[in-house]
Amino acid sequence: MIKVENLHKTFKTKSGPVRAVDGASFEARDGRITGLLGPNGAGKTTTLRMLYTLMRPDQGRVLVDGLDVEQDAARVRRALGVLPDARGVYKRLTARENIAYFGRLHGLDEGEISQRTERLVQALGMEDFIDRQAEGFSQGQRTKTAIARALVHDPKNVILDEPTNGLDVMTTRGLREFLQALKAQGRCVILSSHIMQEVGLLCDHIVIIAKGKVTAQGSADELRRISGEENLEDAFVKLIGSEEGLAA
Amino acid sequence: MSVVWTVMKKELLDLFRDRRTVMLGLFMGPLIFPAMILGIGALAEQRARTQLESTLELPVIGAERAPNLIAFLETQNIAVIDPPADPEAAIRAQEYEVILHIPEGFAQRWRDSRPALVEILYDSSRQDSRIPVGRVEGNLRGYSRQVATMRLMMRGVDPALGEAVVSGRRDLSTPEARRGMALAFLPYLLILSAFLGGAYLVIDVTAGERERQSLEPLLATPSSREAIMSGKIAAACAFGMLSLLLILLSFKLSFQFAGSGPFEGVDVSFLAMAKLLAILAPMVLIGTTLLTLISASVKSVKEAQSYMSVLMLLPIIPTVVLLISPVKNQLWMFAVPFLAQNQALLMVLRAETISALEWLVYAGAGLGLGLLLWLVAARLYHREKLAISG
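Residue numbers (my numbering), protein chains in the order written: chain P, 1 to 248; chain F, 249 to 638.
Just chain F, same shape as in the assembly (with noise of 0.2 Å):
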């Protein structure tokens, strides 16, 4: 046990020398992630903002058609104005996003009070044109119905009548999980961060000391290499926790400095960033013991961060099937890693509760598997390999 003291305080002393190293490794991640968070979440709303409460221009094509409907319009903060002269290209070079067309044959079916037709013109492969297009949608439901009651209270028939059901909705979310739909990838940040974030540490002090030749003199001392190995886990288990902490302690204090907005109510209380450090602890474990396991088999330090970009693709399959096909929280979840991490982490960003048996189930299938590539790594550090660089 001392061994692994040793070495973990020799290590993280190592490391700590190196100060720029260490500087970029703690604090880049805590200065971008919640800038980049806050800003992508800002735009979002201030687009969606703009395009509700901003006069919406609308092309109108034969607005002489229809004076009763235009004026409407301009009652609902939509602006008409002249028509291209070539509406579908127009659309289609997205110079504007939607067009309404009041067919000629508007005014007559108008006047035999038979449906009228108006059409409008929008791409649908264009996020940009959802919410216009509902604008003008609305409006002209809401003009259709007006104009019905006012048909059939003229002819004395009850305009309830019309209408055999009325479907209400009440939504249930809470506030706090309408917000976490907003951090759809805050989970993956914090998982690659847990299970990247002291990759660099893990690698030299395998990888790097291999090629440096200084395992060899160690290796060749009394201590058991299990505890060598242990202790340098250690020392970057340790460093990861640390960023960690420096990560969700920038989150809080920039959720809480951006007050209202999309991320207003998210969970940051103490406790919640007390429970996503436990969330995150095994994601560290079994990031540090799966990068020791390779850097003990590979040759050089680049061979090693030749696997960082398929790591890091990891994280991102269980944000990205849900997104595909979402699917209820069942328990075994909460053993399939990385999965278990973005559902636990979901979990408490909503102010959810999980439950005991759930928290065994995610700690006793982390540690697991940390213990099992840990043990593998032991495996790969007797190889008489590994102390031999030259």
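Looking at chain P on its own, in the form it has when it is part of the complex (with noise of 0.2 Å):
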């Protein structure tokens, strides 16, 4: 269970402060997927940034299970499970190597992290590439291998930085039922995209933000009432107000 209130970050620039994110407040329950939607520049990134402890709020404060991230950021991280924006797989290593590495630092004992590890490779499909060296990897299995990475201590709460990004159809499809699974699980699941048609499919509470605040929020049945349209693409174009930066 993720809880933000009323976020704040402010950048400094050349050509003055620009105000990444300004007043956000949510809460992502446990079993329920959560879906930032926004253009690109909305503030998603920052604002997850700012739940996994990689940068501090100027403003406001994150509950990620009760725990202040600012305070307890060791006990926060170890609660988390973060796929970044940018996957950062180490190419020299092989995928199995990666996970193994971030199970060391996250603590784990070399049986527990080859048990999750088989697990992990049976649910996102990585049989045939798991002992490759990441040189060389396509998109989808890099995304695979830094989700694997990030999920080998179990984590209750799951934040991915657009996860389908640059991913193929197949692959898409696959790693929705991923979530699917561990939402299933009782996990909170947290994931930001600019894609409106795969947060509309894959989300339960859906959180619009542009220019770094949040418009809206809610199920995409309750965001087609509070914008009066039927249809769901419309809805979000209508709370963002700008069809600039988003995807069908």
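Treat the hints as calculated values from the structure; they're not laboratory data.
Ideal Cβ positions, reconstructed from N, Cα and C, are used throughout, including at glycine.
Check before you lean on any hint, since a few could be wrong.
As a list, the in silico DSSO-like pairs of lysine-lysine whose alpha-carbon atoms are at most 30 Å apart [what the hints assert, rightly or not]:
1) P:Lys238 - P:Lys213
2) F:Lys523 - F:Lys257
3) F:Lys257 - F:Lys633
4) P:Lys91 - F:Lys257
5) P:Lys91 - F:Lys550
6) P:Lys3 - F:Lys633
7) F:Lys633 - P:Lys156
8) F:Lys633 - P:Lys211
9) P:Lys211 - F:Lys547
10) F:Lys547 - P:Lys14
11) P:Lys213 - P:Lys156
12) P:Lys213 - F:Lys633
13) P:Lys3 - P:Lys238
14) F:Lys633 - F:Lys547
15) F:Lys257 - P:Lys156
16) F:Lys633 - P:Lys14
17) F:Lys550 - P:Lys14
18) F:Lys550 - P:Lys12
19) F:Lys633 - P:Lys12
20) F:Lys576 - F:Lys523
21) P:Lys91 - F:Lys633
22) P:Lys12 - F:Lys547
23) F:Lys547 - P:Lys91
24) F:Lys550 - F:Lys633
Per label pair, the in silico range of CB-to-CB distance [as the list claims (entries may be wrong)]:
25) P:Ala74 - F:Ala526: 32 to 40 Å
26) P:Asn6 - F:Val624: 29 to 37 Å
27) P:Lys91 - F:Asp376: 54 to 62 Å
28) F:Leu519 - P:Gln122: 54 to 62 Å
29) P:Ser242 - F:Leu615: 58 to 66 Å
30) P:Gln59 - F:Ala526: 52 to 60 Å
31) P:Gln122 - F:Met249: 30 to 38 Å
Reconstruct the complex from the two isolated chains, following the hints.
What follows is the structure in structure tokens.
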């Protein structure tokens, strides 16, 4: 369970300060998939980075399973599985070594690591490349490796930044099933996306972000009602205020 | 602690999978440095030997005015030849290293038993002329003394009366130390290898990882950033020490192989090698932590690499300073980075003993500086910008 309260984050740039996140609040409950939908540059990645403790909010706070992210950063990280925007898989290590490295950094012993790796390899369908060096992996193989690596310590909460970015249709379908399974296990799943259809299909709770602000949130039905649009995509466009930076 | 170990193992595995980089990093130095040092030494020695032992061709102006002197010179492995038309121009054009001029009044003054003048023409700014000029001068002095002794004896005077003071020389440098002089720039090579030997690895594991965007997931794990950074530093130090070990072994082998020559008697025992390695260890730590600090503060690998040209000059400063104004070994020197390494390395190569106090000051200052740089680097590792590259 992740609770976000009134987050603010401003970056200094040469052309003046930029308010990347400007008062975002939402709640991601366990056993649900929460989706952050917004055009490119809306502040999704920055919001997620504050959730997984790599950035400190200027204002507001984040609670993960009741723990304050700023005060209990190490414990929060233990409870989180993170797929960052940049996958950052080590090219000269095999997929298995990549996963094991993170397992050790999470303090798991070798038995646990190999057990969990086996389970993730099956769930994600990584059998044919698990022992290959990551150099030359396809985008899908890289993403799967990064997801397995993020989940090796069996975290209760899973944060995925644009998980389907650059994946083909089949891989995307497989990944959706995997995320549904995580949800069924009672985990709290948060993902970000700029693809309306994907969020509409997958997410139980949708948070719409534009220019660093949450403009609306709720289930697909609720959003349709709020916007007064029958078609979900029309509802999204209306709530965001523009079609720019979105994909159907 | 287990995190440090985990990160270190992973970085070394990652590095050693990159075969070509490892080969270059580990074997380039060991192959090139001994070749350089031995090659330069052999070249210098060969040059000196040919100049000392070969027949010196000496153009003499007015040779006919002093047939006796000429006959003497020709017994001393000197071939007297005809002078060029313009002797001064010939010296400037570097056609001859030295020309002897016997002026017109020579014969008259000789007969009057007054000091007869001869002139040596040469260019003092040319290194090459040093040995030939020395040979000519020495022979002239010998001839002068021979004739003077005969003149005194003919007049019934003891020749010894002409010399009030005799000075003799005793060279007290040990043979090892004389070899050490030939090794003036060996410390620079060793210090440089220790200081920057693992540079590309250090830059790669911080600035490179940041650029490849793999630092973000790594820093999102519960492992402390200090531990992660220490693992990376430990990996780079291990690699640096391994490459130093290979360099030292290659020196040992090639010095032994070279046998006689300018490096005969340089202390290349295993004990000396172990001491050299111990001396260089703090340098490896200082170099690695300094580069980690730089890598954590810059935006890209390129920016980190542009510091390298300046860093490469740092180890040469003490060598140059000592060359210009040599100073006696003093305790404070063992606390100054680079100078301390330079002095300590030379002492080992000259087979001198480093006292316990000197070791203590040396290790304290070196490891202290390493720790300080580590602390600053750790602070930089906590910056928000470090993890975020996109």
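Checked hints:
{"no.": "1", "hint": "P:Lys238 - P:Lys213", "result": "holds (15 Å)"}
{"no.": "2", "hint": "F:Lys523 - F:Lys257", "result": "holds (27 Å)"}
{"no.": "3", "hint": "F:Lys257 - F:Lys633", "result": "holds (26 Å)"}
{"no.": "4", "hint": "P:Lys91 - F:Lys257", "result": "holds (16 Å)"}
{"no.": "5", "hint": "P:Lys91 - F:Lys550", "result": "holds (20 Å)"}
{"no.": "6", "hint": "P:Lys3 - F:Lys633", "result": "holds (25 Å)"}
{"no.": "7", "hint": "F:Lys633 - P:Lys156", "result": "holds (27 Å)"}
{"no.": "8", "hint": "F:Lys633 - P:Lys211", "result": "holds (22 Å)"}
{"no.": "9", "hint": "P:Lys211 - F:Lys547", "result": "holds (27 Å)"}
{"no.": "10", "hint": "F:Lys547 - P:Lys14", "result": "holds (16 Å)"}
{"no.": "11", "hint": "P:Lys213 - P:Lys156", "result": "holds (27 Å)"}
{"no.": "12", "hint": "P:Lys213 - F:Lys633", "result": "holds (23 Å)"}
{"no.": "13", "hint": "P:Lys3 - P:Lys238", "result": "holds (26 Å)"}
{"no.": "14", "hint": "F:Lys633 - F:Lys547", "result": "holds (9 Å)"}
{"no.": "15", "hint": "F:Lys257 - P:Lys156", "result": "holds (29 Å)"}
{"no.": "16", "hint": "F:Lys633 - P:Lys14", "result": "holds (16 Å)"}
{"no.": "17", "hint": "F:Lys550 - P:Lys14", "result": "holds (22 Å)"}
{"no.": "18", "hint": "F:Lys550 - P:Lys12", "result": "holds (24 Å)"}
{"no.": "19", "hint": "F:Lys633 - P:Lys12", "result": "holds (12 Å)"}
{"no.": "20", "hint": "F:Lys576 - F:Lys523", "result": "holds (22 Å)"}
{"no.": "21", "hint": "P:Lys91 - F:Lys633", "result": "holds (23 Å)"}
{"no.": "22", "hint": "P:Lys12 - F:Lys547", "result": "holds (16 Å)"}
{"no.": "23", "hint": "F:Lys547 - P:Lys91", "result": "holds (22 Å)"}
{"no.": "24", "hint": "F:Lys550 - F:Lys633", "result": "holds (17 Å)"}
{"no.": "25", "hint": "P:Ala74 - F:Ala526: 32 to 40 Å", "result": "holds (37 Å)"}
{"no.": "26", "hint": "P:Asn6 - F:Val624: 29 to 37 Å", "result": "holds (35 Å)"}
{"no.": "27", "hint": "P:Lys91 - F:Asp376: 54 to 62 Å", "result": "holds (56 Å)"}
{"no.": "28", "hint": "F:Leu519 - P:Gln122: 54 to 62 Å", "result": "holds (58 Å)"}
{"no.": "29", "hint": "P:Ser242 - F:Leu615: 58 to 66 Å", "result": "holds (59 Å)"}
{"no.": "30", "hint": "P:Gln59 - F:Ala526: 52 to 60 Å", "result": "holds (53 Å)"}
{"no.": "31", "hint": "P:Gln122 - F:Met249: 30 to 38 Å", "result": "holds (34 Å)"}
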